[in-house]
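Visitor: Here is how the chains run, residue by residue.
Number of protein chains: 2
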Amino acid sequence: MGGDAAPAAIVAGLDIAAERHPSARLLLVGDEAALTPLLARYKRAAAICTIRHTAEVIGSDMKPTAALRMRTASMRLAIDAVANGEAAGVVSAGNTGALLALAKIVIKTLPGIDRPAMAAIGPSARGDVVMLDLGANVSCDTRNLVEFALLGDVFARTVLGLTAPTIGLLNVGSEELKGNDQLRQTADALRASHLGPQFHGFIEGHDIAAGTTDVIVTDGFTGNVALKTAEGTLKLMSGMLRQVFATSILTKIGYLLARPGLERLREWLDPQRYNGAVMLGLAGVVVKSHGGTDANGFAHAVDVGMDMVVHRFNDGIRDGLERLRTAQGQPQTVASPGVPE
Amino acid sequence: MGGDAAPAAIVAGLDIAAERHPSARLLLVGDEAALTPLLARYKRAAAICTIRHTAEVIGSDMKPTAALRMRTASMRLAIDAVANGEAAGVVSAGNTGALLALAKIVIKTLPGIDRPAMAAIGPSARGDVVMLDLGANVSCDTRNLVEFALLGDVFARTVLGLTAPTIGLLNVGSEELKGNDQLRQTADALRASHLGPQFHGFIEGHDIAAGTTDVIVTDGFTGNVALKTAEGTLKLMSGMLRQVFATSILTKIGYLLARPGLERLREWLDPQRYNGAVMLGLAGVVVKSHGGTDANGFAHAVDVGMDMVVHRFNDGIRDGLERLRTAQGQPQTVASPGVPE
Chain A
1 MGGDAAPAAI VAGLDIAAER HPSARLLLVG DEAALTPLLA RYKRAAAICT
51 IRHTAEVIGS DMKPTAALRM RTASMRLAID AVANGEAAGV VSAGNTGALL
101 ALAKIVIKTL PGIDRPAMAA IGPSARGDVV MLDLGANVSC DTRNLVEFAL
151 LGDVFARTVL GLTAPTIGLL NVGSEELKGN DQLRQTADAL RASHLGPQFH
201 GFIEGHDIAA GTTDVIVTDG FTGNVALKTA EGTLKLMSGM LRQVFATSIL
251 TKIGYLLARP GLERLREWLD PQRYNGAVML GLAGVVVKSH GGTDANGFAH
301 AVDVGMDMVV HRFNDGIRDG LERLRTAQGQ PQTVASPGVP E
Chain B
1 MGGDAAPAAI VAGLDIAAER HPSARLLLVG DEAALTPLLA RYKRAAAICT
51 IRHTAEVIGS DMKPTAALRM RTASMRLAID AVANGEAAGV VSAGNTGALL
101 ALAKIVIKTL PGIDRPAMAA IGPSARGDVV MLDLGANVSC DTRNLVEFAL
151 LGDVFARTVL GLTAPTIGLL NVGSEELKGN DQLRQTADAL RASHLGPQFH
201 GFIEGHDIAA GTTDVIVTDG FTGNVALKTA EGTLKLMSGM LRQVFATSIL
251 TKIGYLLARP GLERLREWLD PQRYNGAVML GLAGVVVKSH GGTDANGFAH
301 AVDVGMDMVV HRFNDGIRDG LERLRTAQGQ PQTVASPGVP E
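These protein sequences, in sequence, are chains A and B.
Oh and the first sequence: position 45 is 45 in my numbering, straight run, nothing missing.
Oh and the second sequence: position 261 is 261 in my numbering, straight run, nothing missing.
It is possible that part of the hints are untrue.
Stated by the list, open to error - Below 27 Å or equal to it, Euclidean Cα-Cα: the simulated DSSO-like pairs (lysine-lysine) are: (1) Lys63(B) to Lys235(A); (2) Lys252(B) to Lys252(A); (3) Lys63(A) to Lys43(A).
To be verified - Here chain B is said to cover these stretches of chain A; the calculated rule only asks that three of the stretch's residues, wherever they fall, bring their Cβ under 8 Å from a Cβ of chain B: (4) 195-208; (5) 225-235.
Since the hints were made in silico from the structure, they are not lab data.
Cβ coordinates follow ideal geometry from the N, Cα and C atoms, glycine included.
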């Protein structure tokens, strides 16, 4: 029920997803009166969906604290289904803050992970790249950043299909770098870990679009600013290009001649193609679709979730945590309290 | 003597600058044997320049600690001239780390300013904007950020000619914001200060290119990453556009038809047009030209320095500090130790 065009765009997106994942079984949580007629129109979606009715919806502007009290909201019931093992993952186009908070509290982090991170895939000059954290954690310590590197590594293997993704740690130019011990410690820890051979070292802001590494690791404040700065810059330049081509008859003809390439460029940078940020490090798959998504974008978010489930993302994380633990020679420090060894 | 094409591009740039600032007097510090023949070729530059000879040059890869020991390097002598009042400011295309370190130690900060900041002007959808800090301070406290807002305000008035520049504090989306007390305290302090009417509040990464505010205030780590992310994104998109137009005869004709607009776009985003980062908060004007600049870019860096000198940038800062001090009702806390009241 979440998102600007819900539930119509959601069900239309599931219809596209159903063609790609015919063996998937989806629990569609929301208002039956709205969902039933939609499923009647989208036959492929209907074949893989079961409706779980609830009338309660978490509003897009609702604060996480208020959202947490809505025990029968559609987002909550979907997250409950993951927490109790009924579903392997949840995909939502609803309130991001509420989804983050509910996922952390109800689904909980994987044993051994201190804090989950928000990750997303984006375009670069050398192919798709993964960046995290994008805003789940405003401040992070060395342990968090090392775990983000692991989460990014397994995500790039699982969803981008890479066999040995390179990993970069976002930093500022070496000449200005004074006293950021935390980043240096993180770099040392990564070099000493099983991720060492894939660790490229420090990268800078321009390396994101250049695709210098497949995975970009940073704290949630820097990652959020970098992501939105890149999006804003692309939007500015797209707007200016539109103006350039709209100037005169000649430029309009110029546009028509270059159109196939310009359309490819537009598609290549299309946010819908990259729709589906993920919350990594939880005991279940959580995908956040953009609220303004269309059916294609939502189907892409479902793809991301399906990849993570089918390719057993969390098994990869458990394995990686075990290897980090062995490298550190400190089996106790990484495990969460109360987890049986 | 600093920069990839020095000293030829520097002297050629001074020739352009001399036309715009015929009453300026420039001290050209470097190797006389290299500079004299260049000045013989550039008559306008020769008319406003005096050579101060030194053979020692700080290398582009030299560490600041090593640079500090070179007492007769060209950059050092230029900075000494500012420190002893012989010159009002220095413009250099040399080693950034060395320039920062030398400027801080030799020229020193203005009384009342805790730490200087690196600032630059860039393009946005709503005109030129100023961002700071761009990397001089990896971590900043509330006082630093408030002072950066003041430095940015006076810089935007002095160099962009704005009468009441709007000021934004870079942050992440409100829904993810948890516990960044420092930014909230900075916002409160700015609202309570004489900058209150110009303070727009928090902005996000996409607001930089949108031009939501004239001045963007952030710490040096975030600012450096944001700037380089934006530059990298522009470069990526420019590269892809070139590919689009190079595909076939038709797209090449398309390019020719749209060329005037595309050239305007290229010029508008041209880094040379924005060349000249500044170190604000020092007891003298310090402009850092990009090392890879051409003559036009260096002339622009000189323009920035001249604007700051002619429009008495530091008088504006002294006045602003006095007003901040009055607003806080704590005359002692802002003054540096040892400064007579």
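Visitor: All hints, please: hold or fail.
Guide: Status of the hints after comparison with the structure:
1. Taken as a hint, the Lys63(B) and Lys235(A) pair is broken in the structure, with Cα atoms around 38 Å apart against an allowance of 27 Å.
2. Among the hinted pairs, Lys252(B) with Lys252(A) is consistent with the structure: their alpha-carbon atoms are about 14 Å apart, no more than 27 Å.
3. Between Lys63(A) and Lys43(A) the CA atoms are separated by roughly 36 Å; this puts the pair beyond 27 Å, and the hint is violated.
4. Evaluation of the coverage hint for the segment 195-208 of chain A: fulfilled, as 5 residues show C-beta separations to chain B shorter than 8 Å, against a requirement of three.
5. Under a criterion of three residues with beta carbons nearer than 8 Å to beta carbons of chain B, the stated coverage of the segment 225-235 of chain A is upheld, 11 such residues being counted.
Violated hints, listed in ascending order, are 1, 3; each of the other numbered hints is respected by the structure.
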